[in-house]
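J.: For reference, the chains in residue letters:
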Amino acid sequence: MSDFLAQHPILVVSGIKVVVMMLVMMTALAYLTWFERKVVAHIQSRWGPYRAGPHGLLQPLADGLKFLFKEGVTPAGVDRFAYYLAPFLSLSLALTSIALIPFGPQEIRILGQPTSFGIADLNIGLLFLFAITSLGVYGVVLAGWSSNSKYPLLGGLRSAAQMVSYELALTMSVVGVLLLAGSFNLREVIAAQRGFHWGFLPRWNILASPLPQVLGFFCFFTAAIAETNRLPFDLAEAESELVAGFHTEYSSFKFAMFFLGEYASMITVSCLATILFFGGWLSPFPETRFFVWTHYLPTALLAAAGVWLILDGLRYSTLLGKIVLPVLGLALCGAAALVSRPGLLEFVQGPFWFLGKVLVFLFIYVWVRGTLPRFRYDQLMAVGWKLLLPVSLANVILTSLAMVVGKR
Amino acid sequence: MPTTVQTVTGATETMVLNMGPQHPSTHGVLRVVLELDGETVVKARPEIGYLHTGIEKSCEAKTYSQAITLTDRLDYLAPLSNNLCYCLAVEKLLGLQVPKRAQYIRVLLTELTRIGSHLVWLGSHAIDLGAMSMFLYCFREREEIMKIFEMVSGQRMMTSYFRIGGLALEPPAGWLAPVERFLNMFPGRLQEYENLLTKNRIWLGRTVGVGTLRAEDAIALGVTGPTLRASGVAYDVRKFFPYCSYEEFDFDVPTHNDGDCYARYLLRLEEMRQSLSIIRQAMPKILPEGPIRTEAPGIVPPQREKMKTEMEALIYHFKIFTEGFSPPPGEVYQAIESPRGELGFYVSSDGSPKPARVKVRAPSFVNLQALPKLVEGRLIADLVACIGTIDIILGEVDR
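Note that the protein sequences, when read in sequence, are chains A and B. Take 1 as the starting number for the first sequence in this note's numbering and just add one per residue. Take 1 as the starting number for the second sequence in this note's numbering and just add one per residue.
All clues given are correct.
Calculated pairs, SDA-like style, for lysine to any residue (alpha carbon to alpha carbon, straight line, at most 25 Å):
1) B:K147 x A:W47
2) A:K386 x B:V208
3) B:K199 x A:G370
4) B:K57 x B:M158
5) B:K199 x A:Q44
6) B:K199 x A:R230
7) A:K38 x B:R140
8) B:K43 x A:E239
9) A:K386 x B:G205
These are calculated hints, taken from the structure and not from any lab test.
Just chain B, same shape as in the assembly (with noise of 0.2 Å):
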């Protein structure tokens, strides 16, 4: 049972811990071998695997609009990004425009996705800091985030909400009176939230100068997302290739110089208030009718009363639903700003109703790069802060 054990010549031996698969703070079955000298973290490498789920193979035996439903899994604190990536990626293959409306009602919900999923992040960041109040104050927020999905959607996490060529479901009438009610309490939860942590000296003792990521190292790490944006480089996909109508909105990108694990924690904090704005600029653009899917015959499922009256209708939604549509050969590769940093689909077609190969370019597997990076010389309880700030999903980590 050896910790730093001075041995006979007097040189002293490290210890390995095996953190994780099964362990409070690795955010799912991360496991992290680390060399501990004493308390110090020697090294760190992050073993992962333990939720292979074989995502990306299944999706080559689906049809492209079957596949949507296993993207909810890859990231399941950010289903509607999952299901935006790879449905734009689907679109972009068969050249599809969608209609304005739809286009505006999936910024709105990946906006609010983006808040929920941050809200997790916070709330578990801050237990594994030990402040427990937080963690139940950010779900009973993310919970009202949840509730309008379950209104719009059906479903609280698992959505599939985004279609190819639209969405699913016209939005029940009323719908954006909860989120107006949402956009109204939150910021007021923020500032709470902010007056709990950002000045509190644990916290800062915790987090200011813990896990400091310099922009080179992020850069030639492939980081992105919040992680990379809290070491200085102002990357966004949402605004250097925009999609899904991102140009129209005014944001800002936040950015912060320090790189370490408070610069994070104050990014994410701005990043929901920017997520906020968009919401808020998005509402008055949602127009209460008009299309939610692109016409496209024997692509986009037709309206359930062409069915009833139209011969074609009925036939296309026949063969979309026994043995979907072939896009033209080809292969694509789109990328949208996930919650998480940059979640990009590449989708290859063979001219087959089914997918030849989808690969996933998941943000959190290429931030967890950095870990080693991040605690290697710092102490346990650092390791947990940067697992915490670097915001990983393993259901995306192992695909």
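Looking at chain A on its own, in the form it has when it is part of the complex (with noise of 0.2 Å):
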């Protein structure tokens, strides 16, 4: 067995990937919560979480370990292979698309190995992903057909019909980049964004030239948002219609697993569209002498969190909050100094970049969230068929007439 590992280093790496992946993520899940509850919160006028730990912070845990010990109630008459299998498929569908993200441009050596900074580095990274988020439509519609209940079937309905209509609109919403990069490697459809236009403007895809692909975006941000089953499109699981939709009939762990999946999915679509239309983990500052200092930013922003941290922590009511906030003040001011240094100077930018976009789209999805009402399920339809598909196909159409247009 060793033998057979020391001879293909490429397994244990992976492996080594994937687990590390799999901590990061979750502990990105779980605060993503407390993200999202947080803005809401304050977008409502209230504090939200704020008594588990100082600032709410060990409120992921105490859900988590809430939903652990809940007893899991089977109902009566479901079918249950299908019910075992939804909540299962929804969160492993979503996390497996997140191994086809590639997180910074160097390569990492693990084990002497290189590798790239990234799960998986495919050729086809964009078809797959899409490939694999389509499928996590089953998760819902199992959810909803295994129930043996009328809400969740009508969610389970709902979010079938909700696929059907948004998927298109989704793929064809992305091929203007795909004609501008050229492939479907994810790495490559960055590296196609490089460059400025004269010389500050970023080309990203977004003001990409021959033609700016705010269409597409539009589209495909709309799109996303149904795909991953958010307001104002949770149509599946609506709770003032459906009570919980497709989810009603689950507890426990299993309804965590649906939890856990719609926020890993929320992760991967912020991703993909800024790696699709935002230049991934390019930096929006040229890469002239006159911006060197942003080289600091990520230094200069870890230290003023941890300098906000420290004194915040000092002022915290409870025991706790004045010794846990500055300690983890002074871990991020260490941070700080650490990404200061020459070598990791140059590493840190990438992922810096690539993650404070991401981080913008999550705010907006619960931005989008705190703010608007919900469709309707026809009208859902209706934008979907009507609205976002003609418009993407004219984006496909614009792109390819710019580009050749623009070869002449």
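With the hints as a guide, bring both chains together as one complex.
T.: Right, dumping it as structure tokens:
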């Protein structure tokens, strides 16, 4: 066995990457729920979680524990296989799609093996991603069908209809990007966005010549919100209509898996939007001497956050907060000092901009949820078929025309 | 587990869905038995009785004054309106005249109640349609109204502040200051709600043309209140049968012709503005000093000072609180414009200290009849919007 692994170090390396990625993702998912609750709370003039740990930082842990220790109720008359398969599908497919996302330009070395910064680097990355995310709807449909209950059934039906209406627009909306990049590989899509108009305006696809992909981005992001079942398209679980929709009959950890799956797809979609339209890990500042200071932005941000945390921690009302927050702040300041060192300074640029952009998209997700009412089932399909699909098709045609004309 | 199932003959079957009594948007414990074809409502039948409290019957076992506390629990979002209607009915029975100062305070507080009730309606209607922030904004504003009620009566919800012949207590000094603050703050907040919803494409899509109620149907069903006025009938008890000095106030009765959910939404927003105007007119009319109760020995409790100096006052006080008072035999009906429509109390007296019969004409109960008319042939999502905009309170429906 060990011989086999020694001969195929790629397996070990991949294994390590998967494990690390799982840990990072699970933590990120947990704290994404915290982030959403905090942001929505502030939109609604509330404070959000504040009791479990300083600033509610232990809330995700408390929620996770609660889900683990709740009794898992299986209603009578469910189709057991599909009923248990559904949440598993939902979460595992959502996590699988994360494996395709590259987080930085560099190669990293694990156990002496050079490997890409991201789990997998496929030539057909984007196609594979869409294939996986489309499968995600099976989780919802199966859950709705197998629960032996009427509300989930309606939720499942809605979800199937929604998927059909949006999947096409979602795929068509990125064709423009693919034309510009000439590749399905996500790294190459990002590489194609390198450079600046007139020396300062980044040539990201949203601003690309010959045709800025604004329409494509609009269609992509709208369809993606529908794809991830979030407000204003959360029809499959619309709590005021279908109680909880497809996951009405799910409890304890099976419910948590749906929940995590939804958040994981949010992260995937935000990453995709960043990669396809906003230049991935590319910095918005040109690589000239004048902009060298921007390399220290990560340092400055980390240090500022650290100092703010220390100051806030000292004023915090509970003893735990007085200890934990300054320690966290110190850690951030330490990280700030670390990333300003020559070797690391270059390394963190890519991931910094990438994560920064992803965070902006996640914020928009939450913002939309805090502001908009929900579409009705038939209106949603009308938007999908009558607005998004024609617009994304027009975008494809216009982009190809512009490219042909531009080459002349 | 059938939905629209193709049977062997090729015909389709419908699915029966029990919506409620435990459901997030049936506003309490309403149960609607739905017959669905896919998501289309073929038939909707409201089932009531899950919040039956027996309040009407209980009133027969209470003295006239004791029954006031029961009326709070009918429409628990507008307790003062219920108090007012019941007290007006008994006062009519007794032929009592309430001092002007008490009347103006009653007007001011019931209009605040109307705003508070409409705020709960707006918040819950918005959250039914998925706009969840609105819910918290509305409750934030309602909290200020609650604080005013608490300041005046000592209670936030079950106020029981209006008594037969006047008010329970003299309002505390400076109580108009928070009302003034509310009046200054609220128009801006209303504008914020409008910015969020009125021209929002999704909101328009969910409410325009949804649940249309034509004027003749509304009249035939006996629908009253904002739901009726949104169908174009300008019927408002405050204008048609003024009570409590409403004839001295200058306000409009807004109407809309469309009769859909959007019209009902716009209409209630406009009503809140009209209520603000009434409150603004009432404030200078409320003199800082003056009687809050009428002088009616044996019916209205005497002032505490008099009890300590006058023998008769002490005796009356004792009699009122041990056996109550006995109105002359007869029956009255008194209606007011509650936030939900025409709220009426029919009180019948047989000359004993307890009412022989109290019957409540609850606007929610009557308006709920319109639900099947609004939703049949539409989608489940519209049903939720319609239940929201006819604004029912189950405590009042079941009594």
